[in-house]
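K.L.:
Chains A and B, in that order, are what the protein sequence lines are.
Heads up, the first sequence is in the working numbering, so the first residue is 545 and it goes up one at a time.
Heads up, the second sequence is in the working numbering, so the first residue is 545 and it goes up one at a time.
If you are wondering where the hints come from, they were derived from the structure by calculation, not from laboratory data.
Treat the hints with care, as some may be off.
All copies of an identical chain are treated as equivalent in the list; a pair is satisfied when it fits inside any one copy or across any two copies.
As the list claims (entries may be wrong) - When the alpha-carbon atoms are kept at most 25 Å apart in a straight line, the in silico SDA-like pairs for lysine to any residue are as follows:
no.	residue 1	residue 2
1	K842	R567
2	K656	M860
3	K656	L582
4	K656	M673
5	K656	G863
6	K656	V807
7	K656	D671
8	K842	P572
9	K842	D720
10	K656	R577
11	K656	D580
12	K842	M812
13	K656	Q581
14	K656	A859
15	K842	A639
16	K656	L578
17	K656	R811
18	K656	R570
19	K842	H569
20	K656	D643
21	K842	L582
22	K842	G566
23	K656	R575
Number of protein chains: 2
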Amino acid sequence: MTARELSITADDVHRAAEQLRGRIHRTPVLRSRLLDQLSGRQLFFKCENFQRGGSFKIRGATNTIRSLSEDERRRGVVAFSSGNHAQAVAIASRAEGVDAVIAMPGDAPRSKVEATIAYGATIVRYDRMTEDREAVASSYVEREGRTLVPPYDDVRIMAGQGTAALELIEEVGSLDAIVVPVGGGGLLAGTSTAAEGRALVYGAEPENACDTRLSLAAGERVTIPPPDTIADGARPQCPGRLTFPVIQERVAGVLTASEDEIVEAMRMVLTRMKMVVEPTGALGIAVAMGAGLPSELKRIGIVVSGGNVDMDVLAMLLGQGG
Amino acid sequence: MTARELSITADDVHRAAEQLRGRIHRTPVLRSRLLDQLSGRQLFFKCENFQRGGSFKIRGATNTIRSLSEDERRRGVVAFSSGNHAQAVAIASRAEGVDAVIAMPGDAPRSKVEATIAYGATIVRYDRMTEDREAVASSYVEREGRTLVPPYDDVRIMAGQGTAALELIEEVGSLDAIVVPVGGGGLLAGTSTAAEGRALVYGAEPENACDTRLSLAAGERVTIPPPDTIADGARPQCPGRLTFPVIQERVAGVLTASEDEIVEAMRMVLTRMKMVVEPTGALGIAVAMGAGLPSELKRIGIVVSGGNVDMDVLAMLLGQGG
Numbered sequence: 545m546t547a548r549e550l551s552i553t554a555d556d557v558h559r560a561a562e563q564l565r566g567r568i569h570r571t572p573v574l575r576s577r578l579l580d581q582l583s584g585r586q587l588f589f590k591c592e593n594f595q596r597g598g599s600f601k602i603r604g605a606t607n608t609i610r611s612l613s614e615d616e617r618r619r620g621v622v623a624f625s626s627g628n629h630a631q632a633v634a635i636a637s638r639a640e641g642v643d644a645v646i647a648m649p650g651d652a653p654r655s656k657v658e659a660t661i662a663y664g665a666t667i668v669r670y671d672r673m674t675e676d677r678e679a680v681a682s683s684y685v686e687r688e689g690r691t692l693v694p695p696y697d698d699v700r701i702m703a704g705q706g707t708a709a710l711e712l713i714e715e716v717g718s719l720d721a722i723v724v725p726v727g728g729g730g731l732l733a734g735t736s737t738a739a740e741g742r743a744l745v746y747g748a749e750p751e752n753a754c755d756t757r758l759s760l761a762a763g764e765r766v767t768i769p770p771p772d773t774i775a776d777g778a779r780p781q782c783p784g785r786l787t788f789p790v791i792q793e794r795v796a797g798v799l800t801a802s803e804d805e806i807v808e809a810m811r812m813v814l815t816r817m818k819m820v821v822e823p824t825g826a827l828g829i830a831v832a833m834g835a836g837l838p839s840e841l842k843r844i845g846i847v848v849s850g851g852n853v854d855m856d857v858l859a860m861l862l863g864q865g866g
Numbered sequence: 545m546t547a548r549e550l551s552i553t554a555d556d557v558h559r560a561a562e563q564l565r566g567r568i569h570r571t572p573v574l575r576s577r578l579l580d581q582l583s584g585r586q587l588f589f590k591c592e593n594f595q596r597g598g599s600f601k602i603r604g605a606t607n608t609i610r611s612l613s614e615d616e617r618r619r620g621v622v623a624f625s626s627g628n629h630a631q632a633v634a635i636a637s638r639a640e641g642v643d644a645v646i647a648m649p650g651d652a653p654r655s656k657v658e659a660t661i662a663y664g665a666t667i668v669r670y671d672r673m674t675e676d677r678e679a680v681a682s683s684y685v686e687r688e689g690r691t692l693v694p695p696y697d698d699v700r701i702m703a704g705q706g707t708a709a710l711e712l713i714e715e716v717g718s719l720d721a722i723v724v725p726v727g728g729g730g731l732l733a734g735t736s737t738a739a740e741g742r743a744l745v746y747g748a749e750p751e752n753a754c755d756t757r758l759s760l761a762a763g764e765r766v767t768i769p770p771p772d773t774i775a776d777g778a779r780p781q782c783p784g785r786l787t788f789p790v791i792q793e794r795v796a797g798v799l800t801a802s803e804d805e806i807v808e809a810m811r812m813v814l815t816r817m818k819m820v821v822e823p824t825g826a827l828g829i830a831v832a833m834g835a836g837l838p839s840e841l842k843r844i845g846i847v848v849s850g851g852n853v854d855m856d857v858l859a860m861l862l863g864q865g866g
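Make a model of the complete structure from these sequences and hints.
P.N.:
This is the structure in structure tokens:
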């Protein structure tokens, strides 16, 4: 597939940035001399953990909902997610005056369910073992005419997620590389499109959930078994149908981090940079601190994708000799 | 004492800002819709917890060290501190190529001693029970001709600390009030001078360590017994000789927070805003969330003064049903 045929262009990302203006936080770019020393690089942390809803997901959700017609807005939206996308769709829907139904698994963390309800969405619980979440969501599309806001496999979502990299480059100037975590690939596809060749773009995956890395090696989408990783945002079992060709065309590579490296990155950022990152949000940091990234790449942007971590996980980190 | 006779003017703060340019982080100003809702105000958090050395103290230390003559630089500096000022003087000294001796109590937390050593300073331990820290530091002034970098009672220190408020106002425009924590009063004196009447400036003290509030009520510096508060930066037992008249003249008032309110503010910021603040750094937040601040004040700047907190204190927070 050539670049010409890809679903998303840099113009889509620039248009998304227009749609988002004033609707989301302009998150800060932080530096750490200590982490620079330890990595032998200059690291620029784009802090989406401070974003509305605690992650970058508000970008794609807002861009998608703002693209709806008057008729679509009236009929509302539906989404399925146990995590950050749920909160993002709830927040964006309320901000735009659109009714939202979110399908969440029955075993989703209570804190996330409550946060999503607090943002005004209607929650539908389903059984992860016996029900298919896409089917649950589809029933709302068919019965109520709602628009599905997918978590990643959508041009409007990818374009929205790519706006974090636009802001990063605008703020710090030229970068050798940008590293972002990969779940379904929306952030990675959007970032690599936004970069337009100005920086190499790398994905960061858990070793235990490296479906995108395997897919790139195979030249086609590979599905892995349900992975065992602390990085809950990286648990999709294969790259998206739309995101994968973009990643194939525009991404320099996908690097992996072990579970220990993810935890160590979270702890270092908590204790030294004074901020909370979720495990998925620490993936790019773990990769940038490691040896996998070519050593000639010196100025590295990292999208710290989110900060929504259960407090018992944080307490666990602190208990482990942090 | 009239304003005319005070030791520090807004010009001092502006000159300090020039001295600091490019030498410290421009820390971000963060917002939180949740905390805005809970407080019924618009809160602007100036995040000095992300500053070099983890607190605003680098501002005054750098300004002071940069004001030294060539001869003074050659002879080096000395400071006494068990906390953020120690790290700040160590970092600023190394950056300016000046030798530093820091007197720290024998029971200072190991992590802070190690951090200060890592920044290249020479540490001198003293016994808090039997030795006077000022006398320990003075011996280095007399024997080695070093310049003492005091923690707060110095115009260059006050002026440096005031630059955080300059940046805050520059970034967010007009504010009704700015709230900052009070220990010896360097940050409060500098902030109230920097504000130049553009915003009311309030101090925030622990109920258990409200020497500045008592002093304002008495019209003179009052000394309290060694206070029992988690906010270690607010433990000085009386306002400074130079800081107090500035505070008397320029500060709208000093409000207090209970120990529980301080801990609750830390926990809320950690879980909702995803950032680590130290107990003293949470004082302004606790006051801004409380009922003490006049309700007609809506746009409130808060200097989040630091993020250096022992990890066991954080773990304690998370363990308490956070």
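K.L.:
When Cα atoms must be at most 25 Å apart, do K656 and D671 count as within-copy, between-copy, both, or neither?
P.N.:
Answer is within; shortest intra-copy Cα gap is 16 Å, inter-copy 49 Å.
K.L.:
At most 25 Å between alpha carbons: which applies to K842 and P572, within, between, both or neither?
P.N.:
So K842 and P572 pass the 25 Å test inside a copy (20 Å) and across (24 Å) alike.
K.L.:
Checking K656 and L582: alpha-carbon separation at most 25 Å within a copy, between copies, both or neither?
P.N.:
between (34 Å within a copy, 19 Å between copies)
K.L.:
If the cutoff is 25 Å on CA atoms, where do K656 and G863 land: within, between, both or neither? Let me know, please.
P.N.:
both (24 Å within a copy, 19 Å between copies)
K.L.:
Is it within a copy, between copies, both, or neither that the alpha carbon of K656 lies no farther than 25 Å from that of R570?
P.N.:
Only inside one copy: K656 and R570 sit 24 Å apart there, 33 Å across copies, limit 25 Å.
K.L.:
Is the C-alpha distance from K842 to G566 at most 25 Å within one copy, between copies, in both cases, or in neither?
P.N.:
between (32 Å within a copy, 21 Å between copies)
K.L.:
Between copies, within a copy, both or neither: which fits K656 and A859 at Cα up to 25 Å?
P.N.:
both (18 Å within a copy, 21 Å between copies)
K.L.:
When no copy is named, should K842 and R567 be tagged within, between, both, or neither for a Cα gap of at most 25 Å?
P.N.:
between (33 Å within a copy, 21 Å between copies)
K.L.:
Go through the copies and call it for K656 and R811: within, between, both or neither, with a Cα cutoff of 25 Å.
P.N.:
Both: 22 Å inside a copy, 17 Å across copies.
K.L.:
Treating 25 Å as the Cα threshold, decide for K842 and M812: within, between, both or neither.
P.N.:
Within one copy only: 20 Å inside, 36 Å across.
K.L.:
Within a copy, between copies, both or neither: where do K656 and R577 come within 25 Å Cα-Cα?
P.N.:
Answer is between: at 17 Å across copies they meet the 25 Å cutoff, but 34 Å inside does not.
K.L.:
My question is about K656 and Q581: at a cut-off of 25 Å on alpha-carbon distance, are they close within one copy, between copies, both, or neither?
P.N.:
Result: close only across copies, 19 Å inter versus 36 Å intra.
Hint compliance for this structure: every hint is met.
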